[in-house]
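Q: Spelled out, the chains give:
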Amino acid sequence: MTPALSIDHLFVRYGRTDVVKDVSFSVKPGESYALVGESGSGKSTILRSVVGMVRDWRGKIEVDGMPRQGRIDLAFARHCQMIFQDPYASLHPRRTVDATLLEPLKVHGIGDRAERVVQMMQDVGLDPRFRFRFPHQLSGGQRQRVAIARALMLEPRLLLLDEPTSALDVSVQAEILNLLVRIREERNLTYVLVTHSLPVVSFLCDRLGVLRHGRLVEEAGVSALRTGTFAEPYSQELYDASLGAGDRDLAALQEATRGMGM
Amino acid sequence: MTEPLLQLRNLRVTFPGPRGPVQVVHGVSFDLGRERLGIVGESGSGKSLTGRSLLRLLKHPAKVETDRLIFDGIDLNALSEKQMRNIRGARISMVMQDPKFSLNPVMTIGTQIAEALRVHENLPRTEVKTRVRAMLDQVRIDDPDRVMKLYPHEVSGGMGQRVMIAMMLIPQPDVLIADEPTSALDVSVQAQVLDLIDTMIVGNGMALILISHDLELVARYCDRVLVMHRGRVVEELEAGQLHAATHPYTKGLLAAVPRMDETRKVLPVMDRDMEYDQ
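First to last, the protein sequences are chains H and X. So the first sequence is residues 1 to 262, counted in our numbering. So the second sequence is residues 1 to 278, counted in our numbering.
Please keep in mind that the hints were generated in silico from the structure rather than gathered at the bench. Each statement offered as a hint is correct.
Straight-line distance between alpha carbons at most 30 Å, and here's what the computed BS3-like set of lysine-lysine pairs gives: (1) X:Lys149 to X:Lys100; (2) X:Lys265 to H:Lys28; (3) X:Lys265 to X:Lys251; (4) X:Lys59 to X:Lys82; (5) X:Lys100 to H:Lys21; (6) X:Lys100 to X:Lys59.
Residues from chain X that face chain H, not an exhaustive set, calculated with beta carbons under 8 Å: (7) Glu42; (8) Ser188; (9) Gly252; (10) Asp261; (11) Met270.
Selected chain H positions facing chain X (Cβ under 8 Å, derived; list incomplete): (12) Asp169; (13) Ser171; (14) Leu177; (15) Leu198; (16) Pro199; (17) Leu238; (18) Ala241.
Just so you know, even glycine gets a beta-carbon here, dropped at the ideal spot from N, CA and C.
Next up, chain X with everything else stripped away, as it sits in the complex:
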């Protein structure tokens, strides 16, 4: 068997609290090949912290410990901050939730995407421009030359998110971490953006980690789903096997979603304080 692209063992994240340290992620482990992995959980389940820990983005006062964090044969824990910067963006990149807050408001879209490329590669100016135009074309922006000159406030949310994806994919990373990439978008645009991420991932043979609170959405776009609850992975499922979920938390989560052909008078709710056995 080949070595997985990314190996994570026993991730623990702790924050200081008024009554001593609070552990928010309790030993998350997984292997990632060139596949699409979904991480699902509610607010506070630790899903976003897990995503950020992979890039070592969590700063003081958060305390992050792992037994093993290996990416493509490189031990990420052993890297200096400077070496880590060569990994971030170039090899593993991340799409955040809201394009409004993640794009630089005073730089044109073309310059921002070009910057993402220039930081990691030394290319002549004309080459950079061609690559940016080709990238915008790939994320299905109709008129790349016009859009390159626009500022982030001049584009819609869906287009902003496509620009973000273009920026993240232009250095041709191996892993894309998408943290709630569509929560700030409309239903009809959501599907377009996810379809786009999907084709880019499959087309370039990359790995995807899709973090979301929406179980069904994740199941639709991933091969494998990890369900997180209170800092632990409670269940791992094949995407097509959602209805075969055995863990009470996953089942509760699925049942609590209203359906399109709703006939139930009352939706089942979960016992919030329930501690699930490991």
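With the rest of the complex left out, here is chain H:
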């Protein structure tokens, strides 16, 4: 089976420094893969080189068996879309939701535009009465729904998600995560998610790769998050740092009940 995304010995350079060094991994169709690491570990840069927002890369990137080249490619846009962290920065401030969602259809010459826009808004849980609003008239969660709808307009197979929920409140984050899980099931999508939040990975993904200083130090299944066992000391450190107080309470509680022989 051709992998949905295959990255082979990728190096990315900003100026004179390599920010991504010899990274190789591949994602199977229908899988949800996460890249985790601290700021500056190169995780977003990898996604940006896949979509062509970063030019200076070496190595091999294949999307569904097709090698990526450095030019604009309509077929690629139909196959692969990206969702960004801050929905306020990634939506055009002077375009209504309607105009934002129509744009990809116009570029690709797809018909039935009005119906598709309304249908898509319903699919991502946006009331169609928001259709002619501007981004500043929407809340953060609604804006992120618009960004997701925009990415889905061309019915892509592969979605690249760059910190899709880190700009949102916890209760809104839960809604958007649920939405991402639902559309992945409905549309049989492949996700590549970049995040620094391990609990989000645990909820949304099947497998994860840990990046440090531009190198992929470990790949593991999400089961590693449940048991808390990583092979690399750095991954373990990252894991320990992201344990919430609730998780610790729970761990302590389990420890206590075990001690009581229950």
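Based on the hints, put chain X in the right spot on chain H.
A: Leaving out everything else, chain X in the frame of chain H:
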């Protein structure tokens, strides 16, 4: 019982809106001793406005009213703007979210920290320098002499936030208000910065108000947590008792966070328009 360090009664904040005034904080009251108090809430819950009101930092068109705002026996409401300036920084200080926007980009770190000290105390130059160096040392910056000569853009986010903390603590205030002090930082650096704030607070016998949207983080570093929703305090909890939360909003907030060992298929979401009874 001793008088609390800070007493706040019935804080109300109102902004003018196109359809008349909009009240965003509805009567928040609390007492603060020499302890660590957490204020948790989502965007728009009024948590940051509460923090700023304590320092009287909210300016026109915001309208701030309190029945009582007493700090160490001083009625802050009765002070003039000039007297208030002697309180700000020297007695109550505040660490903001992002060091990139809070540090002066054209002043070296050493000069900025020294300024924070000189504004409030009249000290000889050598003394100022020693104090700054000692302070940087306390916030665990390895090479204080080198860092003092750097500009804010030359240091990392974590170090920038440590510089901010140094600047806020050098006049030896009684209360530190930290408004989302780590939201702009990496997970691994977050813990370091909070541990640092924690040791400084406990070591100097200060009071801390930690404002954040992250319930679990606040619970880890505070003794007491106030949960705010739509401008009201809906629940007050002992930090270790998060799981004993009784208010539906707090429970919803806790349940909506994905866990490390997540097995749920769908995360519970909250009814946004729900009005909770007081």
